[in-house]
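Engineer: Given the coordinates of chain D, assemble chain U onto it according to the supplied hints.
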Amino acid sequence: TQLLEQSPQFLSIQEGENLTVYCNSSSVFSSLQWYRQEPGEGPVLLVTVVTGGEVKKLKRLTFQFGDARKDSSLHITAAQPGDTGLYLCAGAMPGNTGKLIFGQGTTLQVKP
Amino acid sequence: DTGVSQDPRHKITKRGQNVTFRCDPISEHNRLYWYRQTLGQGPEFLTYFQNEAQLEKSRLLSDRFSAERPKGSFSTLEIQRTEQGDSAMYLCASSSTEDGYTFGSGTRLTVV
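Top to bottom, those sequences are chains D and U.
The number in this note's numbering is simply the position in the first sequence, starting from 1, with 1164 added.
The number in this note's numbering is simply the position in the second sequence, starting from 1, with 967 added.
These are calculated hints, taken from the structure and not from any lab test.
Keep in mind that a hint or two might mislead.
[As the list claims (entries may be wrong)] Computed Cβ-Cβ distance ranges for the label pairs, DEER-style:
hint, chain 1, residue 1, chain 2, residue 2, range
1, U, Q1008, D, S1194, 17 to 27 Å
2, U, N997, D, A1242, 32 to 42 Å
3, D, S1176, U, Q1017, 18 to 28 Å
4, D, G1180, U, S1040, 24 to 34 Å
On a predicted model such as this, the values are computed, not experimentally measured, just so you know.
C-beta atoms are modelled at their ideal positions from N, C-alpha and C, and glycine is treated no differently.
Extracted from the complex, chain D is given alone in its bound form (with noise of 0.2 Å):
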């Protein structure tokens, strides 16, 4: 069974903190992608991470993916009150089938 393990699942800081959100497995992904997912609405994409070792930058959010493409964090610089809502990870599954795997996910609450 593949499974994704996201840590850590609740956070609360005070805006300006930064903060590291990490995501684990066993297994070998294709690729993996991060979400942010608002309640009552459906998981937008963040971003995309397919080579191992490959760091992406979105504004203050920092996306890394393992060398050995197993694992992934999410790194966000000065957290905002914006930045409040569920970060979800998700590996591709090798196959070309685009089935993914989600993590059970980590909510972020920043305080004004």
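Structural biologist: Chain U only, in chain D's frame:
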């Protein structure tokens, strides 16, 4: 194109009733996915279509569940004889590559 549309947004049904959900994907996308998400969890894969062909079904999809995608356009997900454990958010997503999905806003099902 306005993205992936799902209808209805909310459905309350009595146990034992049948329900049907509709998903209209982005028109250029040939891949369509159904996922189910319960509170505090990441989405779980249910089934996948490439054009009109249903290529994969999760074992989560019991005999009471059926999905179709006639003519490779919109898709429907039907649940027969609903049970309280079917209560969840049902998410539809479409893509044209492995580079990330576009999700709809989901259908929230409550079985009472």
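Engineer: Run every hint past the structure and note whether it holds.
Structural biologist: These are the hints, each one checked on the structure:
no.: 1; hint: U:Q1008 x D:S1194: 17 to 27 Å; in the structure: holds (23 Å)
no.: 2; hint: U:N997 x D:A1242: 32 to 42 Å; in the structure: holds (40 Å)
no.: 3; hint: D:S1176 x U:Q1017: 18 to 28 Å; in the structure: violated (42 Å)
no.: 4; hint: D:G1180 x U:S1040: 24 to 34 Å; in the structure: violated (48 Å)
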